[in-house]
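Student: Each chain, letter by letter, is given below.
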Amino acid sequence: MIETRELRREFGGIRALAGVTLTIAQGERRAIIGPNGAGKTTLFNVLTGELAPTSGEVRLAGEDVTRLRPHELARRGVARMYQRNELFDPLPARDNVAIAVAAAAGPYRPFRAPPATELLMADELLERVGLGAQRAIPARALSHGERRQLELAVALAQRPRVLLLDEPTAGMSPTETGRITELIASLDRSLTLVIVEHDMDVVFRLAERITVLHEGRVIAEGTPAQVRGDTLVNEVYLGKVVA
Amino acid sequence: MPVAAVVAAGLLVAFPIWSAPWESSRYATGILRDMLVLAILALSLDLLVGSAGMPSLGHAAYFGAGAYAAAIAGQRLGSDDLLLGLGAAILVSALLAFVIGAVAVRAAGIFFLMLTLAFAQMVFAVAFQAADITGGSNGFSGVRRPMFLGLDFNGPDALFHLVAVVFLIVLLLVWRIRSSAYGRALIGLRENERRMRALGYDTTRLRLSAFVLAGAIAGVGGALQAYSIRFVSTNDVGVARSVEAFVSVLIGGASTLLGPVVGSVVVLFIERVLPSFNVAFAETVLGLVFIIFVLAGRQGIVGLARVAYARARG
Chain A
23 MIETRELRRE FGGIRALAGV TLTIAQGERR AIIGPNGAGK TTLFNVLTGE
73 LAPTSGEVRL AGEDVTRLRP HELARRGVAR MYQRNELFDP LPARDNVAIA
123 VAAAAGPYRP FRAPPATELL MADELLERVG LGAQRAIPAR ALSHGERRQL
173 ELAVALAQRP RVLLLDEPTA GMSPTETGRI TELIASLDRS LTLVIVEHDM
223 DVVFRLAERI TVLHEGRVIA EGTPAQVRGD TLVNEVYLGK VVA
Chain B
17 MPVAAVVAAG LLVAFPIWSA PWESSRYATG ILRDMLVLAI LALSLDLLVG
67 SAGMPSLGHA AYFGAGAYAA AIAGQRLGSD DLLLGLGAAI LVSALLAFVI
117 GAVAVRAAGI FFLMLTLAFA QMVFAVAFQA ADITGGSNGF SGVRRPMFLG
167 LDFNGPDALF HLVAVVFLIV LLLVWRIRSS AYGRALIGLR ENERRMRALG
217 YDTTRLRLSA FVLAGAIAGV GGALQAYSIR FVSTNDVGVA RSVEAFVSVL
267 IGGASTLLGP VVGSVVVLFI ERVLPSFNVA FAETVLGLVF IIFVLAGRQG
317 IVGLARVAYA RARG
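Here the protein sequences line up with chains A and B, keeping their order.
Each residue of the first sequence is one higher than the one before, starting from 23 at the first, in my numbering.
Each residue of the second sequence is one higher than the one before, starting from 17 at the first, in my numbering.
No lab work stands behind these hints, which were simulated from the structure alone.
Part of the chain B face toward chain A, derived, beta carbon under 10 angstroms:
| # | residue |
| --- | --- |
| 1 | G199 |
| 2 | A201 |
| 3 | R210 |
| 4 | L222 |
| 5 | L229 |
Over the 10 angstroms line for every Cβ pair with chain B, so calculated as not near, a few chain A residues:
| # | residue |
| --- | --- |
| 6 | I36 |
| 7 | T45 |
| 8 | A47 |
| 9 | Q48 |
| 10 | G49 |
| 11 | G59 |
| 12 | E79 |
| 13 | R81 |
| 14 | E146 |
| 15 | E189 |
| 16 | A247 |
| 17 | R250 |
| 18 | G251 |
Glycine residues also receive a C-beta, built at the ideal position from the N, C-alpha and C atoms.
Using the sequences and the hints, build the whole thing.
Tutor: And the structure:
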């Protein structure tokens, strides 16, 4: 579903990505882990078209999408849950999701009210992420955990083929973390998930395969059991977290 | 509510008739007409400033382009057809907005503001220099009053009816736009452009479309202005007119339907009516009012009234 070949991205003299090659199958659930500064968020920014790579190639379902802009990738089915919520703060939760649902039909409908089906879909999604009772509350008035849930609902509203989750549980309480982890686990199996996460319990619960990034390179890749047993990974990352 | 709105609309259009017994009826009709013309300009500007979060300080360029287009098309083609005049105004102002917008919408915030101002100054310079076509500093006089379906809008009352009806059509149009999927997308643009892109909205195109739409509506206002005073001058494309519209939007309430209308009424009341009561320094009063709203009431009159109403209801 997603393939990258020798992705490089430099900022000034700093190499954020130093040749990342990945192959993620359709319906796969892949976690990308690594210490801060490993290049995880840069990788996401390249995969969504927000950053152009210095060199290398990105393919989506076989198509070369390396130079496409974010909205073009979104229309091809790439959605993203941002690490820092990107919401429409003064708008009610429902409108946040409705704008996302409406993206498929496009904005050029200037003289008609949005169809009721869009609002119904928005309500269903809010129900699903556990915000059914908060639909009329402006996004800015929601708690941090609720805002993360809304961020997920907005991404799901695009009916994506690929969902990039950038630290979905960041800043959440253990209860909230458990809830959103189960929610993500229950998503449609045909959806390809790529998860960046520091909470290893969440990673082991969700991921079928794990890629370990360190200083912009892939240093290990495999099943959770393989990665857990990798001495290099333990040295640069897991050792510090798990031990 | 709809009944009240229809009654209000009827009273507005018929203003010269029911105010006739009043000594100052003629004078008031003229002022009200100019308020409605400014309101059309302010309504179109608010689609950018309020809805889409695009603070344009050069919106008079499209207003003036519409005024010149209606006046020149009427003269050159020897026609006083209203549809020809309005059509020329919409076409020219939309085209101008497209050309300028194609560059300007790539910037945001203060840079967008500076670009729109700079481009409007260029349009002003062209209107000033191209004296063969526009009349330059002397202005373009002798604008023909329009005809439509055998109706002659030559008299001041008839012209008022025309301006009021077009104003109501524009108001209805803007109301529909604001409550449509398109209007909601503009608000999304204002609140979080990054998220809009990530959702699949081509935000550059969306901003350009809003710029052209607002420009075209401003052009309609310009045409009515040309018909009203039968004269077009470089003032109509000048920065003072852009500021007047901008101040109207902010005082009345940005991102509200009626805010720009209320603001236009307040601004022209201060500028044109206060001096006749021997209030000196009317412009200074306007400046003070503006400063007060910027410091203490950024939601504008309509926004503040809404808050007060919500509070009163609990």
